[in-house]
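Residue strings, one per chain:
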Amino acid sequence: MSEPATLSLAEARVRRERRELSATELLQSCRQRIERWQPRLNAFVSTEVRFAGTDRGALAGIPLAHKDMFYRAGRVSNCGSKIRKGWVAPLTAAVLERLDAAGAADIGTLNMAEFAYGPTGHNEHWGDCCNPWKPECITGGSSSGSGAAVAARLVFGALGSDTGGSVRVPAAACGVTGLKTTWGRVSRHGAMPLSHSLDTIGPLARSAEDCALIFQAIAGHDVRDPLTSRAPVEVDLGRRALKVAVSSGWIERNAHPEVAAAVLAAARFFNAREVVPPEFELLSAHCLTVMQAEASAQHAQWMRSCSQDYSSAVRVRLEAGYAIPAAQYLEVLRLRTMWLERFTATTLAQADLYLCPAVPVPIPTREETGPRGGPEMPKRLAEVTRLTRWVNYLGVPALVVPCGFDRRGLPIGLQLVARPFAEGALLAAGHRFQQETDWHRRAPPEFGDAA
Amino acid sequence: MKPLTSETIEALAAAQGVPLAPGRAERLAPGVNALNVADPLRDKLPFDIDPTSYVLARERGK
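Residue numbers (the working numbering), protein chains in the order written: chain A, 4 to 454; chain B, 4 to 65.
Take these hints with a grain of salt, some might be off.
Some chain B residues judged to face chain A by a derived CB distance under 7 Å, without partners named [to be verified]: (1) Ala16; (2) Gln19; (3) Gly20; (4) Val21; (5) Gly34.
Since the hints were derived computationally from the structure, they do not count as laboratory data.
Note that the structure is predicted; figures quoted are calculated from it, not measured.
Every residue gets a Cβ at the ideal spot worked out from N, C-alpha and C, and that includes glycine.
Please model the complete structure; the sequences and the hints are all you need to start from.
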């Protein structure tokens, strides 16, 4: 019999419903794999199981684990930091409550970038998380453990947060599927804040179908997060006739040739029509203005009292935020309305989705993007998030699915971007792509089904 | 807008209770100033739009 943990979430759910697999068997299989692979990957921070043992709910008995920033009352939430090391949360995050209600098993907390403020997966306090495809390469961040644990088949799915690409970059780097939700789609109550105008929460799993199951469990209005919308949560994976737009010339000129070839092949699959590219660089700069100003305000108290306890990389990012004039920050937030209207009225005028790479370059190594990366390091870091931050500034949803591999065997991620609250369209398009391709089914060498 | 000098960056951080290490402001200046980009929509921004207008735009953009 195959290892149950290597099934997709949707497959495991069907096997549970048919009584072919028990919750205990799923849990044991995941725990065995965690024990085996944790020393190699450093994906988990803790492995304490919280499971009510219910047979009811859309995710009944499915083992999940989440980035170490979603609070659970009485449990430690370190947020990838030294400052919050050992901090016990006084309340439970809305998303964890909803997953509990759906019957999911919570089997631990996952490694992450310090305070979710880094795009690579480096962490000098808790150790770097390693990419299952190639340990010397980055997992992407900040949801590093989420990407690695799902790719290595240690869990069936995981929650991450995405402020500038933190779900999508790990999804792309680890070869899994990741959904960045619309800003205001999923409650952030009980989740560690970074930048309140940009923060979103979304799932990473092994397929769009799996992400849809988690997304439907966590999305929707929550009175404790007054910015959540009352828009209905609708997902129809059978939806067809979705129109896709692409800017092939921009991709050919700006993406690495191997990335461009894989992404443009996907564009042909969707019969995408050409449009003028969005203002990626400008919108990314606006995203950074908002992120740095808000993150620095969020961390002001600790920056005044214990700045030595931040890693130097995070401290430098936070220091930069104190130099952003308030008027500049607020004008960029005022401009956000106009840029969203322009995106929906021009880029998506004749299309439902916009297609581009998730990361326009091959996944770099940890050394290239870490403290010893040399003078090229800032440039390499900027390349990693070049095509994700603009989406956060607009606040729209995006889905990343694997669409190929580079010659080193590292995954290449395709990004689809939609109108606000059109997660259903994204998941349907991703599902259709994954029904016709098998990129998402490929496991990293050594991490497949040992049976 | 004129670029911020490293002295200004150092003074802004210090005024908010965050003293910068020697040489840090020089290192921060290029990144901080790179965020102050020319935006073609800035001159067309209606007076009555404020940051909360975005929530309505999000609902309209569905």
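Non-conforming hints, listed in increasing numerical order: none
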